[in-house]
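As they're listed, the protein sequences go chains A and B.
Going left to right, the first sequence walks through residues 26 to 369 as my numbering numbers them.
Going left to right, the second sequence walks through residues 152 to 469 as my numbering numbers them.
Simulated from the structure, these hints should not be mistaken for laboratory data.
All C-beta atoms in this analysis are idealised placements derived from N, C-alpha and C, irrespective of residue type, glycine included.
Please note that a few of the clues may not be correct.
What the hints assert, rightly or not - Where chain A lies over chain B, by a calculated footprint (3+ residues, C-beta under 8 Å):
no., region
1, 291 to 298
2, 303 to 313
3, 436 to 447
Unchecked claim - One side only, chain A facing chain B, incomplete, derived with CB under 7 Å:
no., residue
4, Ser-200
5, Val-204
6, Pro-205
7, Tyr-212
8, Leu-213
9, Pro-217
10, Ile-301
11, Ser-304
12, Thr-305
13, Phe-308
14, Ser-332
15, Trp-336
16, Ala-338
17, Val-349
18, Leu-350
19, Asn-353
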Amino acid sequence: MSEANQAMDTPAKANLTTQAQQLTTGVAVKPRTLVGDAWRRFRKHRLAMAGVIILVFFTLAVSLGSVPYQSYLVGQLATSGMPVPQENPDLRVLIDHLDFLNLLVAPNSVHLLGTDDLGRDLLARSLYGGRVSLLVGLVAMLISIVLGTVIGAVAGFFGGTIDQVLMRITDLFLSLPAVPLILLTVYLFRDPVIKAMGSPEAGIFIIVVVVVGGLAWMQTARIVRATFLSLKEKEFVEAATCLGVGKVAIMFKHILPNALGPIIVAATLGVGNAIITESTLSFLGVGFPPDTPTWGRLVTDGSQYLSVAPWLALVPGALIFLTVLSINFLGDGLRDALDPRSRL
Amino acid sequence: MTQYILRRVLIAIPTILVISFVIFAILALAPGDPLAQFALNPAIPESTRERIRASLGLDQPWPVRYVKWVSSVSRGDWGISFNTKAPVLDLVWQRLPQTLQVVGLAYLIAILLAIPIGIISAVKQYSFFDQIGTIFSFIGFSVPSFFTGLVLILLFAVNLKWFPIVYKTVDGSGWAGFGEQIRQMFLPVTVLVVQQTAALTRFMRSSMLDNLSLDYVRTARAKGLKDQTVVLRHVLSNSLIPVVTLVALGIPTIFAGAIVTENLFRVNGLGALLITSIQNSDTPVVMALTFIFAILTVIFNLIADIMYGLLDPRVRFS
Chain A
26 MSEANQAMDT
36 PAKANLTTQA
46 QQLTTGVAVK
56 PRTLVGDAWR
66 RFRKHRLAMA
76 GVIILVFFTL
86 AVSLGSVPYQ
96 SYLVGQLATS
106 GMPVPQENPD
116 LRVLIDHLDF
126 LNLLVAPNSV
136 HLLGTDDLGR
146 DLLARSLYGG
156 RVSLLVGLVA
166 MLISIVLGTV
176 IGAVAGFFGG
186 TIDQVLMRIT
196 DLFLSLPAVP
206 LILLTVYLFR
216 DPVIKAMGSP
226 EAGIFIIVVV
236 VVGGLAWMQT
246 ARIVRATFLS
256 LKEKEFVEAA
266 TCLGVGKVAI
276 MFKHILPNAL
286 GPIIVAATLG
296 VGNAIITEST
306 LSFLGVGFPP
316 DTPTWGRLVT
326 DGSQYLSVAP
336 WLALVPGALI
346 FLTVLSINFL
356 GDGLRDALDP
366 RSRL
Chain B
152 MTQYILRRVL
162 IAIPTILVIS
172 FVIFAILALA
182 PGDPLAQFAL
192 NPAIPESTRE
202 RIRASLGLDQ
212 PWPVRYVKWV
222 SSVSRGDWGI
232 SFNTKAPVLD
242 LVWQRLPQTL
252 QVVGLAYLIA
262 ILLAIPIGII
272 SAVKQYSFFD
282 QIGTIFSFIG
292 FSVPSFFTGL
302 VLILLFAVNL
312 KWFPIVYKTV
322 DGSGWAGFGE
332 QIRQMFLPVT
342 VLVVQQTAAL
352 TRFMRSSMLD
362 NLSLDYVRTA
372 RAKGLKDQTV
382 VLRHVLSNSL
392 IPVVTLVALG
402 IPTIFAGAIV
412 TENLFRVNGL
422 GALLITSIQN
432 SDTPVVMALT
442 FIFAILTVIF
452 NLIADIMYGL
462 LDPRVRFS
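Excised from the complex, chain A in its bound form (with noise of 0.2 Å):
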């Protein structure tokens, strides 16, 4: 009996085991991690995947998208238009290259997107814009993020006095209106700015990223102190404490990678906000100098032509629509997919 129960066991038994070990080693080879879940929810979000591919798209087309273009419409002005004098002509050449042969025309084989009444070509216009926009909304956003992160994060961890009166600055900030002052404090502060930093278009990116970042805090240091409150008095801190971490390693590696989701949210959106003011600023005729092709410029510049050459305004127009819609989109999908509550 217990023999032909032995006999039967056997190969029941190798069987078992590597297909124990089978499971194991699968798991083992392909552990679940925080990202990659986050990763599995975000890729079932169509809107949000086709944002990062329009992004992604752009952020090429403007960085390295623009040198083939560049020999290309040399050679195309070579043939059929005003010849550029210049050997190899980078971008800044090029948007300023009048062709006066063909003014106000509409997109063809030489100018892909037409060109102004100056014969200025559109497309490496808009490329060159878009490296405008597309940097001051990086850019503005890294400071609101830092500035409201350091405030958010000292606020929540220290309380008291510290917090009392920062919650009381934020809520300040918060009153104050955002628009107005930002058009008053670029108008009058672009002078000596643009002084200071020695060309127009640096002093202008500096001021307006500046102004925009730093009236842009607001909603992350509330995020930021919100956790920061909650999580401050936990066991991981108290172990950390113990174990003799200092206070700064303790806010920035402890405590703030909990707030890690909502702050990249808050980061995502404020890009898209920025590049919005940016382009309403230079609508205004509040932002960079009218010889930087920036994306609201061209759409100033454009619309004195709505009737005879729409495509001037309509074009960088619908460039920044599609560049913050995406960012919007992207910044949906990221909120479903960082959310841990959220079930795959």
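Fit chain B to the given chain A structure using the hints.
Leaving out everything else, chain B in the frame of chain A:
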């Protein structure tokens, strides 16, 4: 409750003072000179310029000027425009009706659209209607208002010629004047409606969704109430609480949003006045307008807080 309101008002007063101080300091410390236009004029010698400067009170240090400004504003005197020599308050009263008409009408339409769309989107979550609504509201708050404006101008004013491009102050009396007024308000109002409806719809929808999953809704359904009653009586009234506060909070921002619309359509309202005054270094007008925007923000924050307390019995005032 009275005590709570009193305390909030007492906090609001120093807030307004600090904000006015910040704006005043920005204007005073800025390098521009309001008399710069006279410096190039050979007919006005240096001594006259100094006299003008003294008559405008610009020869004193700015903290002194700030104290004087506060005391005169508290007496109802907002100063005199450098540019038009008219009292600032008169200018504001002249421009206010146009802004209020456009902004007020737009906000009203936005609210009337957003509430039903939000309700339907939430009740039929993930339905075709909800998905279309979601996409439209994302479009609404991703599109810069000057771009919506340009597209509408191109479509309805340039191509179809249904509406005028430029807003004129018309004689609003009689039916013809009324019709003309409606026609020219259509485009600027639509731009603001697109922007505002988007945000309000999303908020209404998520507020409804928060409430729809709560226990009291199940209880109401279990009692055998009609679906319509549950949604419109029980869920809607609770969902409207945060929406009402958002509506109050949004009023100052829509005034700021009108700056772009007014410049695009040449509506001679407060936003257009702000831009021209900034460009002309007309400090008293800029100060007054920015300060009015700030007061609006503080007051509507206050109203939102108080309304939240009145509408939501769970809020305790301790």
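Outcome of the hint check:
1. 291 to 298: With 7 residues close enough to chain A, the hint holds.
2. 303 to 313: Coverage by chain A holds here, the residue count being 3 at a Cβ distance below 8 Å.
3. 436 to 447: Result for this restraint: holds, n = 6.
4. Ser-200: With a closest approach of 5 Å, the Ser-200/A hint holds.
5. Val-204: Check passed: Cβ of Val-204/A comes within 4 Å of chain B, closer than 7 Å.
6. Pro-205: 5 Å, holds
7. Tyr-212: At about 5 Å, which falls below the 7 Å cut-off, the nearest Cβ of chain B leaves the hint on Tyr-212/A intact, so it holds.
8. Leu-213: Check passed: Cβ of Leu-213/A comes within 3 Å of chain B, closer than 7 Å.
9. Pro-217: 5 Å, holds
10. Ile-301: Check passed: Cβ of Ile-301/A comes within 5 Å of chain B, closer than 7 Å.
11. Ser-304: 6 Å, holds
12. Thr-305: Status holds, d = 6 Å.
13. Phe-308: 5 Å, holds
14. Ser-332: 5 Å, holds
15. Trp-336: 11 Å, violated
16. Ala-338: The hint holds - Ala-338/A has a Cβ within 7 Å of chain B, the shortest such distance being about 5 Å.
17. Val-349: Val-349/A check passes; min Cβ-Cβ to chain B is 4 Å, inside 7 Å.
18. Leu-350: 4 Å, holds
19. Asn-353: With Cβ-Cβ at 5 Å, under 7 Å, it holds.
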